[in-house]
Every structure is written in C-alpha cells, then in structure tokens.
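Trainee: So you can see what is in the structure, the chains are spelled out below.
2 protein chains.
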Amino acid sequence: MARSTRPTIADVARAAGVSRGAVSFALNGRPGVSDRTRARILRVADEMSWQPDHRARAMRVQRAQAVGLVLHRSVDTIADDPFFASLIAGVEQVVSRHAWSLVLDVVADDDEERATYERLARERRVDGVVVSDVRVDDPRIGHLVALGLPAVTLQRPTTPSPFPAVRVDDDRGMRAAVRHLLDLGHRRIAHVAGPAWLEHGLRRRRAVEAELAAAGLAPHAVVESDFTAAAGARATAQLLDLAEPPTAVVHAGDPMAVAGLGVAHARGVRLPEDLSVTGFDDVELAGHVHPPLTTVRTDSRAWGAGAATALVDLLARRAGGDDALGGEEHDVHLPPPELVVRGSTAPPGAAAT
Amino acid sequence: MARSTRPTIADVARAAGVSRGAVSFALNGRPGVSDRTRARILRVADEMSWQPDHRARAMRVQRAQAVGLVLHRSVDTIADDPFFASLIAGVEQVVSRHAWSLVLDVVADDDEERATYERLARERRVDGVVVSDVRVDDPRIGHLVALGLPAVTLQRPTTPSPFPAVRVDDDRGMRAAVRHLLDLGHRRIAHVAGPAWLEHGLRRRRAVEAELAAAGLAPHAVVESDFTAAAGARATAQLLDLAEPPTAVVHAGDPMAVAGLGVAHARGVRLPEDLSVTGFDDVELAGHVHPPLTTVRTDSRAWGAGAATALVDLLARRAGGDDALGGEEHDVHLPPPELVVRGSTAPPGAAAT
Numbered sequence: 001m002a003r004s005t006r007p008t009i010a011d012v013a014r015a016a017g018v019s020r021g022a023v024s025f026a027l028n029g030r031p032g033v034s035d036r037t038r039a040r041i042l043r044v045a046d047e048m049s050w051q052p053d054h055r056a057r058a059m060r061v062q063r064a065q066a067v068g069l070v071l072h073r074s075v076d077t078i079a080d081d082p083f084f085a086s087l088i089a090g091v092e093q094v095v096s097r098h099a100w101s102l103v104l105d106v107v108a109d110d111d112e113e114r115a116t117y118e119r120l121a122r123e124r125r126v127d128g129v130v131v132s133d134v135r136v137d138d139p140r141i142g143h144l145v146a147l148g149l150p151a152v153t154l155q156r157p158t159t160p161s162p163f164p165a166v167r168v169d170d171d172r173g174m175r176a177a178v179r180h181l182l183d184l185g186h187r188r189i190a191h192v193a194g195p196a197w198l199e200h201g202l203r204r205r206r207a208v209e210a211e212l213a214a215a216g217l218a219p220h221a222v223v224e225s226d227f228t229a230a231a232g233a234r235a236t237a238q239l240l241d242l243a244e245p246p247t248a249v250v251h252a253g254d255p256m257a258v259a260g261l262g263v264a265h266a267r268g269v270r271l272p273e274d275l276s277v278t279g280f281d282d283v284e285l286a287g288h289v290h291p292p293l294t295t296v297r298t299d300s301r302a303w304g305a306g307a308a309t310a311l312v313d314l315l316a317r318r319a320g321g322d323d324a325l326g327g328e329e330h331d332v333h334l335p336p337p338e339l340v341v342r343g344s345t346a347p348p349g350a351a352a353t
Numbered sequence: 001m002a003r004s005t006r007p008t009i010a011d012v013a014r015a016a017g018v019s020r021g022a023v024s025f026a027l028n029g030r031p032g033v034s035d036r037t038r039a040r041i042l043r044v045a046d047e048m049s050w051q052p053d054h055r056a057r058a059m060r061v062q063r064a065q066a067v068g069l070v071l072h073r074s075v076d077t078i079a080d081d082p083f084f085a086s087l088i089a090g091v092e093q094v095v096s097r098h099a100w101s102l103v104l105d106v107v108a109d110d111d112e113e114r115a116t117y118e119r120l121a122r123e124r125r126v127d128g129v130v131v132s133d134v135r136v137d138d139p140r141i142g143h144l145v146a147l148g149l150p151a152v153t154l155q156r157p158t159t160p161s162p163f164p165a166v167r168v169d170d171d172r173g174m175r176a177a178v179r180h181l182l183d184l185g186h187r188r189i190a191h192v193a194g195p196a197w198l199e200h201g202l203r204r205r206r207a208v209e210a211e212l213a214a215a216g217l218a219p220h221a222v223v224e225s226d227f228t229a230a231a232g233a234r235a236t237a238q239l240l241d242l243a244e245p246p247t248a249v250v251h252a253g254d255p256m257a258v259a260g261l262g263v264a265h266a267r268g269v270r271l272p273e274d275l276s277v278t279g280f281d282d283v284e285l286a287g288h289v290h291p292p293l294t295t296v297r298t299d300s301r302a303w304g305a306g307a308a309t310a311l312v313d314l315l316a317r318r319a320g321g322d323d324a325l326g327g328e329e330h331d332v333h334l335p336p337p338e339l340v341v342r343g344s345t346a347p348p349g350a351a352a353t
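Heads up: the sequence lines are chains A and B, in that order. By the UniProt record's numbering, the letter at position 210 of the first sequence is numbered 210, and the numbering carries on one by one without gaps. By the UniProt record's numbering, the letter at position 213 of the second sequence is numbered 213, and the numbering carries on one by one without gaps.
Possibly wrong hints are sitting among the right ones.
[What the hints assert, rightly or not] Pulled from the structure, derived: some chain A residues nowhere near chain B, Cβ distances all over 12 Å:
no., residue
1, VAL33
2, VAL258
3, PRO291
[What the hints assert, rightly or not] Among chain A residues calculated to face chain B with C-beta under 8 Å, some are:
no., residue
4, HIS72
5, VAL75
6, GLU284
Hints are computed from structural coordinates only; laboratory data are not their basis. Beta carbons are placed, not taken as given, at the ideal position from N, Cα and C, and that holds for glycine.
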C-alpha cells in the first residue's frame, strides 16, 4: 500500500468535523473529548483505516501483539471489585483497536508471580506488561528490569522505577471528601482504609489524616479493610458499635461504602441525618443506591487506557531503536479525581431532605 | 521424574482428611464442597505437586497453553456488568492452576470477531475458546468448526453445536422468582428483560411468561433492557409511570434491579410495601443494598470454572488422539440456581417489617 495514501490526523479531523487535538485525544484514549465525540472520531478513523505512523510500525514489528496483566490477587477480588473489570476494559479499549490481545494471568503467591513474568518474557507471549497494585517495596520492578520486559506501572512506585507510570492524584480526591465533610460540620470522621501493604491503600489513608490534621483533627477511628463489600460491612458495624460512633465515614473504595450504607440502614441508622458516608471510584452502582453515594470519581477505564497507551508508546520508542525503558518524563498524568456530592452526605443531625 | 512418585487423588484425600469425591470436586473447580474445604484441598494438592494424569499430559502438549475469550460487547459492559469479571475469575481459577493464560479480545463487530477467531486459530495463540453470550442463530459455531478451533459454549445454543456446553437451568431460577411473588399474593408482576437477540435474555423472559401463564396470568408489562444499571433505572421509571403500576418487578439481572430500587426510593415508593423487586445472579452488592435484594443466585465463577474445565477435558481427549469436538454427552450441568429471599419482596401493601 502506497504510504502517501495513508490518511493523516488532519484528514480524520476534517472528515469528523472536529479539531486535530480532539482526534489526537480520541485516538490515544485520553480524556478531553466527550464519549460521543470520541465514538464518532473512532468510527471515522476506522472507516478511513487510519493508523498512527510510529505506532502502526511498532504494532507491526512487535512479536506477541499482546499486553500482559499479571494479577497477584485472589480470584475473588477480581470478581468482586469493579475496578479490575474497568481496568481490563480500559486496556482493551486501546489494544483491541490494533487487534492486540490482553494476556491475563492470576497468580497465588510471589513465586508464581516471578515464574509467570519469566514465562511471559522467555516465550515472548507479551510485548510488555501493565503493573497494577503497586506494593510498598515492590519486588516486581527490579525483576522486570532484569528480564528486560517493558512495563508501565499504575501510579509511580516509591520503589525507584525506570518504567513510565500512569498517575492520578488520588490524594486530592480523598482530601476533597474529607474537606466536604468538615465543611458540613462533621468532626467525628472515621476512615475505612485499604490494606497498608498496597501503596494506594496507605496513600489514601495518609491523605485523610493530612486533611483532618489541617483542621486540627485526627481520624475518629481507622479500620483497615481489604476493599471488599463484606469487609466494608464489618468495618461499618465495628464503627457503629463504638461508645461514641462517628457521624461520618470516609471509605477508600465504593464497594465498602455501599455495604456500609446497607449495614447502617439495617440498624435503623437514618441516612444521611445520623451518618454521612463517602466512597471512592464512583462505580456504576454508586449513583443508584439509596441514598445515592457521595464519592470521588476516578476513571479506571481511562487508567487502563492510559497504561496501554503508555506501553504502546514505550514499545514504539524501542522499536525505533531507543533502548531506554521510559522513565518519569514519559509518565502520563490523568486529570485529578473529582468529588461527586450526592445524597449520602449531609450536616450531622440534619433533617432529611 | 519417576511416574510412580506422582501423588494420586487418594493421596491428596488422605493428606487433606477428606473424601476422594471432595478432592475431585475441588480439583475440577466444580461445586459440591465448601470454599473453605476447597481451599484446603487445593493447598494440600499444591504442596504435594499433584497433577491429574490425563490433563497433566494434555496441558503439557498443547502449544499455546492459553484459553481464549472473545467478547463481542461494548467495553462499557465489561466494566459495568459484574458477570464478566466473575466469568473471567472462574476461568482463571482453573487455568491459572496449570500456569496457563487467558487471552482476552474485545471486538466491535461481526467482521472483527471473525478476524479475531481466525488470528487466534492461525497463529495458535490459544488452544481453545470459551464462547459466551450465545446469540439467536449464532454464526460463531459454524465458524469455529470450520477453523477447527475447540470451544465450549456457555449454555447449549439452539443453533446445532458439536461443542460441549456448560449448562445451568436459569429458567428454573426465573420461575422460582415469579412463583415467590405469586405466593406472596402479587398479580401485577412486570418484567425488565434482557435483549431478545441474546438467548439468555429471551429464555429468561419466556420463563417469566411461562410461570405467569401457569397461574393464568400474563406479565403486567415487559420492558426490554440491556442488563445495565442505567437501563434498569429507566425501565423502572417507565413502569412506575404506568396508570396502573406493577406491585412487583422481576429483573433479568441484578444491576438493573439494584438501580430499580434506587429509582423507587427516590420517588418515595415504599420498599417492599409498595413495590417488590427481584434480581438475577446475586452479585456481591445484592445482599448489601437496602432493602437487601431478593434474587436468584447463580455462580458465574462456577460457570467460568466449568467452561475452562470442560475445555481442558476436551483438549485432553484431543491430545489423546480423539478428534471429536465433544458434543452434548460432554456437557457440564451446573446445579440449578436457587432463589435467595431477602427484604426486597413482601406481600403487596404489606406493613414494613
């Protein structure tokens, strides 16, 4: 096929009646255009058989035409935490456009994890991997460097890492949730945290503590949990059993918060008058429960898409002769999460609306 | 390694202090043992490096050591419908024990779907595929036969298929939900259905109609939906807007039912006194919303695990020289789903409990 016939971004922009910037955002799976516009642009680009120049080449020369995701989680968590389905959807959103596959492995322990990365690298089953659930002192970074397997991490690890990271400032989201409760007049604010061995569990907890400290307060109580609804229900029961229960609970994840609403309801606690509740992620059901959940909207789809895009870009640079693994200058920064205020929060003791 | 040193099922049973049957259930990812016992058996089997004889051989001789799943769905649905995460978890539960991968592809249309199956077969990226979302007049069956790519379908298609199917009698679950509402005294029973082009959407609707017909009734109304929470919310709003609204709504899926509860709450409809609601699947949140959802418990994890097991068995037979693709005699029958009665259903007009 003659190279000169290949349509450019400008051609796609003209055909779709949008700016080149909008086309670029849409084709790279980045935020900045509405879903509807994105859909139209992708349809036009598909109809014109558009392929980005450098990526097109990279996508052709890679051997595996696949991206790997190795999850060191119970298979239960994959079934129960909507984050993973969204992450997978986001990765697929990018790789499926190039007819690449996602190779998914679930491992039970550190040894199996190491063996799996070795197999993926040795047998060239994937061209690179997305690393999720970054851990405190994460051993995977050094291992992947040793294997020469390109990677992108979700968040920049505190462990030094040469790989690009997809970053989102979730501290800001957690702090906004706490600030919102403080502004409503709450002082007894508890936190249902994620596990402390996961960097994002720890980081969100510290953000809650920092925002409370700025108001001269400490958390009324902190219950460490594991992001599941069942653990969230237990944590809320524990908090309601306190001699002096909190008037508000900030959860590190939506499934925990929704389960917390259920426990409070079942005990006859009036929501939100007697208890305000916030979540994190804005999963699809969050807006549909009663009262609708005030939560911090993150875009886990965009996270997956951003990671896949960063990985494809890294592979493209390597295919172009650049042996570097990436590094911080190639980090992708996603827009900060925003607080979505719904009916599950109100001033303490407020009359029902 | 000397063959005689390989531990048998009897050895594992002895070490775990359970019956051989329990070991067999646990190792094959089939229902019949508690999660706790299953976990113990798998741990013991792992410690003893147990491998099933025929499968062990098959798993070694297959080339790809991977199972494929090609989803013809919007990436949105993958993020929003917990069924897919559970299905993936179930497949992983089986394949990850053999250090196999799941190769996941999302396709946008029929052409891309065909091209993807062709690529998976031609490049030997997978040893077989799991076929979900069986469609009325499903074109994939004939295509997979032509490609010689082994497959297992979720439910036996009405289209003739030579492949084994993992079957669950969801009719029985839907009929139990309707029967429960009839027994409570409901007569104005509406149905929020799945799409009619999916066999399970259509089958569940017919089950609702059949159970109502057996009581001399017809559905008060049927709204066709698409299994998402957003569509479920719209459907419930539509039903509540009827001049004579239903006293009970049977949903073909939990996300729709949970969203239906939220809409009813928001309109000041008393739950369950003014409106009884049932779902289907028993997703994790179903028991945690308010009122807790009466629903039909299916085990989508077991479905994924059953499909992966049936596929591994089929591959083992083929590795053993049997060229047949399987057929109905190798269908796996899962236990029928059961109705889980919770607080979202009550006699029409009943006082709150």
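Trainee: Look at each hint and say if it fits the structure.
Mentor: Results of checking the hints against the structure:
1. VAL33: 16 Å, holds
2. VAL258: Per Cβ check, VAL258/A is inside 12 Å of chain B; nearest 6 Å; violated.
3. PRO291: Violated, because the least Cβ-Cβ distance between PRO291/A and chain B comes to about 8 Å, which does not exceed 12 Å.
4. HIS72: With Cβ-Cβ at 11 Å, over 8 Å, it is violated.
5. VAL75: 4 Å, holds
6. GLU284: 5 Å, holds
Comparing the model with each numbered hint stated earlier shows that hints 2, 3 and 4 do not hold.
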